[in-house]
Structures are given as structure tokens and as C-alpha cells.
Amino acid sequence: MSVALVLLLALPQSTPPLEIPTLDRADLAAWREHLRPNEVDLRYARIDWAPTFLEGVRRADADGKPLLLWLMNGHPLGCT
Amino acid sequence: MQFACAADEVWRLQRGSDEDCLLFQRWSNRGKRITDRGTRQGFWVFSPGGEVLGRINSRNPEKVCAMLDGALERWAELDDKARQLDPTAEVAPAHRWEDGYPDGGLALERFSRDIDERSPEGEPSNRWNRDTVWFSAGEVRAMLPQSTAVGDTFALDVLADRLARYVLVDDAHGQTLPYATQELERAELVARVVAIDSAHATVELTGATAAAVTDDEWLYGDDQWRPKRRFPHSIRTTVAGTATLDLVAGTFVDVDLVALGVRTGRTNFNGRGREGNTSLLGFHLSLAPDRLPPTFVSLYGVDWIPKPEVPTWRDSPEEAGVGGR
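Here the protein sequences line up with chains Z and B, keeping their order.
Note that my numbering has the first sequence beginning at 425, numbered continuously upward.
Note that my numbering has the second sequence beginning at 9, numbered continuously upward.
One chain only, chain Z, in its complex shape (with noise of 0.2 Å):
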């Protein structure tokens, strides 16, 4: 192999540009389940969160327990 066939095929290659994936109303339903969160995903939706630290203090005082409180970026439940 000459060199400047090694040189060639060493250089970056250029990738062609992304195209957006057809999308057919037959494959709708298919979508959906795929980009929907499944089972695993929402393991963390079991849990009743209040919505709001407020909320979340007057139930662990109605309920006689502590209070377990997520706080994130953004709502934990919805985008962090």
C-alpha cells in the first residue's frame, strides 16, 4: 500500500448529513410505544411525589413521617 494511500484513508471521512426518519401514520402506534417512557423508565413514578415542597411538608405532618424531599434542576418530574 503506498503512503499516500495510508495518508487517504487516514483522513476524517466525511459523513453524509443526517436525514429526519420517514414517518408513516401506519407507524404511529409503533412510535409512540418506542418514545414513550415504559416501565423501567417511570420506576421512579411509583412513588406518590407531592408536586411541591410545600405539599410535601404538610403530608409528612399529617402523616406522622418524615419528609423525603427531591429537588433537582428543573422539576424532577418533569424536565431536568
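Because the hints were derived from the structure by calculation, they are not lab data.
It is possible that part of the hints are untrue.
Simulated restraints on C-beta separations [unchecked claim]:
1. Z/PRO441 to B/ASP311: 35 to 45 Å
2. Z/GLU479 to B/VAL202: 36 to 46 Å
3. B/SER206 to Z/GLU479: 51 to 61 Å
4. Z/PRO441 to B/GLU27: 45 to 55 Å
5. Z/ALA486 to B/THR161: 49 to 59 Å
6. Z/PRO441 to B/ASP77: 48 to 58 Å
7. B/ASN37 to Z/PRO441: 49 to 59 Å
8. B/ASP111 to Z/GLU479: 17 to 27 Å
9. B/THR189 to Z/TYR468: 47 to 57 Å
10. B/GLU70 to Z/ALA469: 17 to 27 Å
Heads up, incomplete: computed chain Z residues facing chain B, CB under 8 Å, no partners named [to be verified]:
11. PRO440
12. ASP472
13. LEU478
14. GLY502
Below, a list of computed lysine-lysine pairs in the DSS-like style, where the Cα atoms sit at most 25 Å apart [stated by the list, open to error]:
15. B/LYS236 to Z/LYS489
16. B/LYS315 to Z/LYS489
17. B/LYS40 to B/LYS89
18. B/LYS236 to B/LYS315
The structure presented is a predicted model; accordingly, all values stated were derived computationally and were not measured.
Backbone N, C-alpha and C define an ideal beta-carbon position, used for all residues, glycine too.
Dock chain B against chain Z, hints included.
Positioned in the frame of chain Z, the structure of chain B alone reads:
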């Protein structure tokens, strides 16, 4: 369950001057306002009386469980009085974005997920995210015809615009930034009536969006989302789905919408920094089951969503003129 559980957004709680924010700051910061910028993200355990029983910011389940075990031990040591509700916890926040929930309008939940050339067959990627998007009753009524016939078409411009700016965005790996109107290249969504049953019309939805950021200019003005620096990024999507409309009430009864797209580039915190510059992304939208506010609700620029008296991004004690307590 040994705990009462709650989840909330940390930035407002640790920076805000609303009553619930001040309560969190007193509880988590030895009775004082939080004035530093260190994050309070993670898991906390409090007694209703405001005592910190445990705290950890980790995704390691063993470490989180160890923290919880320790918190329960400390809880067991508290006497009845120490378990009682902090009397200063009887507060009501003056503003939460949840207050803007569009009763009678349209609230959608949106999931985003990485996809590839094998999708929708094959194992779904575990990189996904959730958000919501809101439309007031007035906005929805203005979009929908009062009467229609099979074969009619009509544009859903407000829907297309808000989807393109705020939720058909690259957040599958983490929070991203919205697009401004000037950054939209395309935002189209058309409904075609395919069936009518009494007051309900079934429509097929077809559309497309395209948006791109090419320079460092932030077009939303003074806002909490303003980044220190912007990076080039873009997204193009094709959209298809169905919806059921109640033409008498002027509402959406059902929505089932898919969008597939190509993303490029990155934003500050969306986790694309060490990845290839382009990849595929998919979205699904349907009616929201809860009142969780949209991530970019503060940027909607509409009068039907109440805004806080003091903007959250100016809510540091110095900026808001609120002394520590």
C-alpha cells in the same frame, strides 16, 4: 412507605423570596437565607419541624439508601414535640407557575428520546426527558373552527409556534434552551378533518418545524434562562398524529402526536458537549395528566399566566431587597 415524599424545582426554592422558598432556606440553611450559589439539588430528609435528618446529592442508590437509613435512625430518636410541624410552615406562596395552569385550555405532556436508524424497532434509548406545554382556553378556541366538514383543513399556528420554540427541542440528555421567534425557520401544523361524530371531529395532524441558533445573541432579554454564552445548534422535525376535537366546547379531547427530527450542536447544559455534532431525536405529545408547569413558562409572554411580583432571576436577597432572616 416510611416517608412522605415530595419533589420540587430547586432553583426557585433556594433563591426565591416567596414564603415557601424562605421556609426551605431556613430549614436547609440553619435558619438563614441562602446567599451563596452552591446547588441544593439532591435528596433531603426533613422532620415536619424543620430538622435536617439527611441530605445527599448522588445517583448512587447504595449511597442514597445509606442516607435514608441514617435519616430514619435520627427520626426514631426525635421526641413527639420535635416531630410536630414547624409553626412557621403555615405559609402560602404568593406565586407558583402552577397557578397559570390553563383550565379549559390545552396542557400537553411531551416526551423526548434519542432515536437511531433502527427505531422504532429495537431497544429504546434510555436517554429521554419530559416536559409540558400550555395553551389557554382562548388560544385553543381561536385555533379551532366552530363547524367543519370531513376533508376541511385548518392551520394550528399557535400550537406549531409554541411546540417549535419550547418543546421540540434537544433536551433528551438534559435541560436545554428555547428558540426565539426570530430563530424559527419553520413552524407548521395543519389539521385535516377525517371524521365527525356528533360534536367531536377527528383530525389528522401534519407539520414540520425547523429552528437554528447561529450566533451568541440571546433574544429573550433579561430572564433567568439567559446563558453566559450560546453555542450553535439546530433542530428540524417532521410531525404527524391525530387529535379529537370537541367543536362545541372548543377543546381538544385527545392528542396523539409524534415528531421525528435531526438535531445538531449543543446548548450549555443539554449534555451534548462530548458527543457527535448531530443525531436523531423523537418526541411524543399527548394530554398532560398533571399540572406541572412547562420548563419555559416564564418566556411565553402571555397575559393569562400570572407572573411573580419579583422575577425569580432577581430574587437574590441583594437584588430583591430582602434581608436575611
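Index of numbered hints that the structure contradicts, given in increasing order: 3, 9, 11, 15, 16
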